[in-house]
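Please model the complete structure; the sequences and the hints are all you need to start from.
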Amino acid sequence: MLMAALRRLGQTVFVLFGISALVFTVFFATPGADPTARIAGKNASPQTMQKVRQEYGFDRPLPVQYAIMMKKLFITQDLASYADRGELVVPEITRAAPVTVSLVCGAAVIWVVLSIAMGTLAAALKGSWIDRTLMMLGLIGISIPVFWLGQVANLITQNRYHDTWLFSWVPALGYVPLTQNPWGWFKALVIPWVVLAVLFIGVYSRVLRADLVALSGEDFIRTARAKGLSPARILIRHGLRTAMVTFVSLFGMDFAQLVGGGALLTEVVFGLPGVGRLTYQALTNLDLPLIMATVMYSAVFVVLANAAVDMIYLLLDPRVRDAR
Amino acid sequence: MPANMSSQALLDVRDLRVSFPARGQMIPIVDGVSFTLNHQEILGLVGESGSGKSVTALALMGLIDAAGVQVTGSVRFQGQELIGMPQKKLRYLRGKEIAMIFQDPMTAFTPVYTIGWQIDEQIRAHERVSRKQARTRTVKLLGDMGVPDPERTANRYPHQLSGGLRQRAMIAMALSCNPSLLIADEPTTALDVTVQAQILELIRSLRDTHHSSVLLITHDMGVVAETCDNTMVLYSGRVAEYGPTPALFASPSHPYTAGLLASIPPLDGPRPLRLPAIAGSPPLPQNRPAGCAFSPRCQYAHTACTIALPPYVQTGADHFAACVLPQEGKPLPPRLSDATAQEHFQP
Numbered sequence: 001m002l003m004a005a006l007r008r009l010g011q012t013v014f015v016l017f018g019i020s021a022l023v024f025t026v027f028f029a030t031p032g033a034d035p036t037a038r039i040a041g042k043n044a045s046p047q048t049m050q051k052v053r054q055e056y057g058f059d060r061p062l063p064v065q066y067a068i069m070m071k072k073l074f075i076t077q078d079l080a081s082y083a084d085r086g087e088l089v090v091p092e093i094t095r096a097a098p099v100t101v102s103l104v105c106g107a108a109v110i111w112v113v114l115s116i117a118m119g120t121l122a123a124a125l126k127g128s129w130i131d132r133t134l135m136m137l138g139l140i141g142i143s144i145p146v147f148w149l150g151q152v153a154n155l156i157t158q159n160r161y162h163d164t165w166l167f168s169w170v171p172a173l174g175y176v177p178l179t180q181n182p183w184g185w186f187k188a189l190v191i192p193w194v195v196l197a198v199l200f201i202g203v204y205s206r207v208l209r210a211d212l213v214a215l216s217g218e219d220f221i222r223t224a225r226a227k228g229l230s231p232a233r234i235l236i237r238h239g240l241r242t243a244m245v246t247f248v249s250l251f252g253m254d255f256a257q258l259v260g261g262g263a264l265l266t267e268v269v270f271g272l273p274g275v276g277r278l279t280y281q282a283l284t285n286l287d288l289p290l291i292m293a294t295v296m297y298s299a300v301f302v303v304l305a306n307a308a309v310d311m312i313y314l315l316l317d318p319r320v321r322d323a324r
Numbered sequence: 001m002p003a004n005m006s007s008q009a010l011l012d013v014r015d016l017r018v019s020f021p022a023r024g025q026m027i028p029i030v031d032g033v034s035f036t037l038n039h040q041e042i043l044g045l046v047g048e049s050g051s052g053k054s055v056t057a058l059a060l061m062g063l064i065d066a067a068g069v070q071v072t073g074s075v076r077f078q079g080q081e082l083i084g085m086p087q088k089k090l091r092y093l094r095g096k097e098i099a100m101i102f103q104d105p106m107t108a109f110t111p112v113y114t115i116g117w118q119i120d121e122q123i124r125a126h127e128r129v130s131r132k133q134a135r136t137r138t139v140k141l142l143g144d145m146g147v148p149d150p151e152r153t154a155n156r157y158p159h160q161l162s163g164g165l166r167q168r169a170m171i172a173m174a175l176s177c178n179p180s181l182l183i184a185d186e187p188t189t190a191l192d193v194t195v196q197a198q199i200l201e202l203i204r205s206l207r208d209t210h211h212s213s214v215l216l217i218t219h220d221m222g223v224v225a226e227t228c229d230n231t232m233v234l235y236s237g238r239v240a241e242y243g244p245t246p247a248l249f250a251s252p253s254h255p256y257t258a259g260l261l262a263s264i265p266p267l268d269g270p271r272p273l274r275l276p277a278i279a280g281s282p283p284l285p286q287n288r289p290a291g292c293a294f295s296p297r298c299q300y301a302h303t304a305c306t307i308a309l310p311p312y313v314q315t316g317a318d319h320f321a322a323c324v325l326p327q328e329g330k331p332l333p334p335r336l337s338d339a340t341a342q343e344h345f346q347p
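Protein chains in written order, with my numbering: chain A, 1 to 324; chain B, 1 to 347.
The set of hints was computed from the structure by calculation and includes no laboratory data. Given the structure is predicted, the values throughout are model-derived calculations rather than measurements. By construction, the Cβ of each residue, glycine as well, lies at the ideal position given by its N, Cα and C atoms. Don't take each hint at face value.
In silico PhoX-like pairs for lysine-lysine, Cα to Cα no more than 25 Å straight-line [said to hold, decoys possible]:
id : chain 1 : residue 1 : chain 2 : residue 2
1  : B       : Lys89     : B       : Lys140
2  : B       : Lys88     : A       : Lys126
3  : A       : Lys126    : B       : Lys89
Pulled from the structure, derived: some chain B residues nowhere near chain A, Cβ distances all over 10 Å [as the list claims (entries may be wrong)]:
id : residue
4  : Gln8
5  : Arg17
6  : Ser74
7  : Phe77
8  : Glu81
9  : Ala134
10 : Val193
11 : Gly329
Spelled out as structure tokens, the structure:
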């Protein structure tokens, strides 16, 4: 167990190193472009340029530059944004993270519950009009771009029908911290949750249905039927339980990339100051320290989620437990 | 239950037909199969792949639910008609009165639950017993089936057991509610020979220990000879021959049965250079010939065979064959006895 944990830690460090080296090379070591000018921003004075060059060690070899960057990001944590002068990057991310986590967790609850319900129902009623309707809805959900859906939701709830009884409860765009006002937090987030969840409900319910239908041809389902179990029990205890193995691995990756900033469009549309919106701002301003920091943050999450998925795998699938 | 139960056959199948839709046509995979199975009898159902053995078994269990499949005929089990019985009622019989074990013990258990959990589940699906009582019974069953250290085995996952152990666990599960009929669909095909013999021995003993009747489906004539009281040979979805195993082996009345028996390598004497084989392959169900389905491959085939279905005639005590030869007064010669077989294969 300890060995496994250590091995996992080693892998994590290795992956983080790989990603950071890649991002660093792309943004800082592109030939023909002076990183100093890019970090310092447009129309920077020669003094600023000199200061930046000194601070980041751009007059020194690449590995040193990389080491300095990592030191500023992880150890001293004094990497400062250059678009937004003096703003430290790391605290900025720690401030944005709870917003993103709130958004993604809420959406995840909605999409997991609904997609399991839809997928299982569709598989149980395979071939019926209910099955076809649910899968059609799923396809529609997948096809709707999230930013469009968000804008439409805003148009309806904030603008056109805001004054009707139906949507008068909807607060203005923005975020309310959970610790400050739980009810306000909920009201501010419920529409973004649903909007973000729509795509995933579509994907997950369709994947789950396909999985369950494929499993229904398996020998062990035939055994379960020969045992005289009820169809509901066969579908849920035997089919769904086995299908969860794939479901969880899919969920882990999607959840991680969303927490890592993948909910960018939703955050921008709803004015939620999360990591995604931070990334968006960093990209529009070409704020390199911030880009570096958000990418690293995202990578950390994906790697951590990967580890978590592997752990859950062990719980879910006894075959994997023995294979290691 | 009526008192005269024991005098009645346990299972009485009449004219069972299972048709699958294909390209707008109904293709009969099982075409008019009839047989009876008595209490504590072991009946062997033999035939090559695609002869409708497994489909027959699944139809008995009411487990065929592919879209558009038609199952007609009559299956009376303990006097109750199973064909057309609502699934809900059928479910109480499945696992409790009729149990089934399958060919591949590797894939027949749900991989994410322990063996014991899965046997408990079946017991608890049919009887109101506590978890603990169910587990006690599970462990005892596993022990009875010759599983070493049953308590520990019950807590292991299917992939952690060998094929033979898994098949024993499968049989334990099938017997957990004391079914009167056990359908075994090629229970030994996926196992190696030593384990095969042990499992067959186990199945044979069930009749005395559990008073079960067994419908043993196999394509292995050797398995049948060792295990079954009666044997039924299926060819292309129809019964070719039915009879007591010794009689059927000694004097097969259908050329197909004779061909199958002739293709078994002899144990004694010099090895024949080439085993006799039946030329050709069985017809696809959608283009069975008009008459006897075996006629294109039969060395005795003549006009009478191609015109109409052969009659199902009695050729001995409780021995029947679907062939025109006995009626025409030209029955097949009895099979060579072992002694003459040796002579026959002398160079």
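Status of each hint after checking the structure:
1. B:Lys89 <-> B:Lys140: violated, 29 Å
2. B:Lys88 <-> A:Lys126: Cα-Cα ~19 Å, so holds.
3. A:Lys126 <-> B:Lys89: Holds, at about 22 Å.
4. Gln8: holds, 23 Å
5. Arg17: holds, 22 Å
6. Ser74: holds, 21 Å
7. Phe77: Its Cβ never comes within 10 Å of chain A, the nearest being 14 Å, so this holds.
8. Glu81: For Glu81 (chain B), whose nearest Cβ neighbour in chain A is about 18 Å away, the distance exceeds 10 Å, so it holds.
9. Ala134: Since the minimum Cβ distance to chain A is about 13 Å, Ala134 (chain B) lies beyond 10 Å and the statement holds.
10. Val193: holds, 23 Å
11. Gly329: holds, 46 Å
In this structure, the one hint that does not hold is number 1.
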